[in-house]
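Chains as they are written, first to last, in the numbering used here: chain A, 1 to 123; chain B, 1 to 305.
The set of hints was computed from the structure by calculation and includes no laboratory data. C-beta atoms are modelled at their ideal positions from N, C-alpha and C, and glycine is treated no differently. Be careful, since some hints might not be right.
[Stated by the list, open to error] Result set (DSBU-like, lysine-lysine): computed pairs, CA atoms no more than 35 Å apart in a straight line:
#1 A:K92 - A:K74
#2 B:K111 - A:K101
#3 A:K114 - A:K101
#4 A:K60 - B:K3
[Claimed, not checked] Here are the computed distance ranges between Cβ atoms for each label pair:
#5 A:L4 - B:V143: 53 to 61 Å
#6 B:N95 - A:D11: 23 to 31 Å
#7 B:E297 - A:P10: 51 to 59 Å
[What the hints assert, rightly or not] A few chain A residues facing chain B, derived, Cβ under 10 Å:
#8 D9
#9 A54
#10 N69
#11 P85
#12 K90
#13 L100
#14 E105
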Amino acid sequence: MGDLSVLEDPDIWLCTTCYQCYERCPRDVRPTDVIMELRNYATKLGNISPNHRAVVGYLKNFGHAVPINDEVKKRRVELGLEELPPTAFKFKQEGDDKDLKNIEEHMFDLPPVKEEKKEEEEA
Amino acid sequence: MVKENTFAFFLGCIMPNRYPAIEKSTKFVMDKLGYEILDMERATCCPAPGVFRSFNKVDWMVAAARNLCIAEQLDADILTVCNGCFGTLQEVNKNLKANEEHRVMVNEKLKLIGDYEFKGTIDVRHIAEVLGYEVGPWGIEDVIVRKVNARAAIHYGCHFLKPTRIREIESSEGPTIVEEFVEALGIESVRFKEQLTCCGAGGGVKAYDSTASMTIFGEKMKNIDEVKPDFILDICPFCHLQYETGQDYLNKNKSCNYDYPVIHLSQLTAYCMGMGQEFIGLQYQVMGQDYIFGEEELEKEEEVI
Numbered sequence: 001m002g003d004l005s006v007l008e009d010p011d012i013w014l015c016t017t018c019y020q021c022y023e024r025c026p027r028d029v030r031p032t033d034v035i036m037e038l039r040n041y042a043t044k045l046g047n048i049s050p051n052h053r054a055v056v057g058y059l060k061n062f063g064h065a066v067p068i069n070d071e072v073k074k075r076r077v078e079l080g081l082e083e084l085p086p087t088a089f090k091f092k093q094e095g096d097d098k099d100l101k102n103i104e105e106h107m108f109d110l111p112p113v114k115e116e117k118k119e120e121e122e123a
Numbered sequence: 001m002v003k004e005n006t007f008a009f010f011l012g013c014i015m016p017n018r019y020p021a022i023e024k025s026t027k028f029v030m031d032k033l034g035y036e037i038l039d040m041e042r043a044t045c046c047p048a049p050g051v052f053r054s055f056n057k058v059d060w061m062v063a064a065a066r067n068l069c070i071a072e073q074l075d076a077d078i079l080t081v082c083n084g085c086f087g088t089l090q091e092v093n094k095n096l097k098a099n100e101e102h103r104v105m106v107n108e109k110l111k112l113i114g115d116y117e118f119k120g121t122i123d124v125r126h127i128a129e130v131l132g133y134e135v136g137p138w139g140i141e142d143v144i145v146r147k148v149n150a151r152a153a154i155h156y157g158c159h160f161l162k163p164t165r166i167r168e169i170e171s172s173e174g175p176t177i178v179e180e181f182v183e184a185l186g187i188e189s190v191r192f193k194e195q196l197t198c199c200g201a202g203g204g205v206k207a208y209d210s211t212a213s214m215t216i217f218g219e220k221m222k223n224i225d226e227v228k229p230d231f232i233l234d235i236c237p238f239c240h241l242q243y244e245t246g247q248d249y250l251n252k253n254k255s256c257n258y259d260y261p262v263i264h265l266s267q268l269t270a271y272c273m274g275m276g277q278e279f280i281g282l283q284y285q286v287m288g289q290d291y292i293f294g295e296e297e298l299e300k301e302e303e304v305i
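Looking at chain A on its own, in the form it has when it is part of the complex:
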């Protein structure tokens, strides 16, 4: 016990959370829940990948993990749908971004990128 190196290990981020082991485990270990706890700890220590940081940024800016683009806006109109779905982003476009601002300020606050990581990324 007490070996914290697992929190630096990329392997904890390679679980697809498919729950196959969770369902099958005869000892009811619930590995998926364990991995989630480890990831929460790792994130607190700043061990979070640049791609995952970007996804958090999308949520804070657009309210979506996958934001819309011009091509899809066009398709939506061709299909007879509203150009923008009635989600938080549409209201932000119309000048009403109160909730998104609060989400940005109060939710998913990530520690800054670690110094050594910053150097690696810049190198």
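The hints should help you fit chain B onto chain A, whose structure is shown.
Below, chain B alone, put in the same frame as chain A:
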């Protein structure tokens, strides 16, 4: 009591922002079936269970609770068409109804976001379960105008059924809900090796390490290719995205030559209920753009009164 035959339609991210034809199809199906569909104004990402739950489980619950509150204010159960959205919203809803400590904590933080309070008055439903159990193969037969004669590789994905202790829909090791429903639409379900394994997209893996994600997906496609289905049928826009972009990746990087159309249950059902092929949206997808459903027009017997 929530409104009857009414759903608050939770859009999520990938459906409205990548595959709007699934949104169009779902609205068409629910409308024809006589359900009222309400917009969930100001909804956000569910938020996705693979990424956001990994970063901060409490904030994941709070953001999910905010979405749940929007449906509570509409006094309607939530309808989702995505396993990820269903996973997050069904799980958080169930947990907050049962766990007072979590409910108090989440409601406290919700005050920072806006005028929200989780009350626990609604349920969260998935289209596959509404169609499979509520409408049923017995009910859809009366409202379809055509059947599709095709062999489909059905992909359940993970979070519709698992964890079974939370979802409580049916066994995750031998499910039949989708097979039985689409059989009424003329579909023959072809079994393939390791049919119930993950597509490789979930858990934040697609964003974290796309090569690892594609290794899992490559196995999936190899097993599907062995049985040569007419198309791949899914119940989740994220699996849908993985099958669409993944085939393209394997063709470009792993010398594969796949072109299997990828079709969501809503798209198939809408087609059988009379929606035009152009609204099914295969022309916007990467794979199987020229695929045309092989159909059988139904001669409905006039009812003798």
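Now for the hints, and whether the structure bears them out:
1. A:K92 - A:K74: Given pair A:K92, A:K74 holds - Cα atoms ~20 Å apart, limit 35 Å.
2. B:K111 - A:K101: holds, 13 Å
3. A:K114 - A:K101: This hinted pair holds, its Cα atoms lying about 26 Å apart.
4. A:K60 - B:K3: Within the cut-off at roughly 32 Å; holds.
5. A:L4 - B:V143: 53 to 61 Å: At 58 Å between Cβs, range holds.
6. B:N95 - A:D11: 23 to 31 Å: Since the Cβ atoms of B:N95 and A:D11 sit about 27 Å apart, the hinted range of 23 to 31 Å holds.
7. B:E297 - A:P10: 51 to 59 Å: holds, 54 Å
8. D9: violated, 13 Å
9. A54: holds, 8 Å
10. N69: With a minimum Cβ separation of about 8 Å from chain B (threshold 10 Å), the hint on A:N69 holds.
11. P85: holds, 4 Å
12. K90: Cβ of A:K90 sits 8 Å from chain B, so the hint holds.
13. L100: Hint on A:L100: holds, closest Cβ of chain B at ~8 Å, below 10 Å.
14. E105: Holds, about 8 Å.
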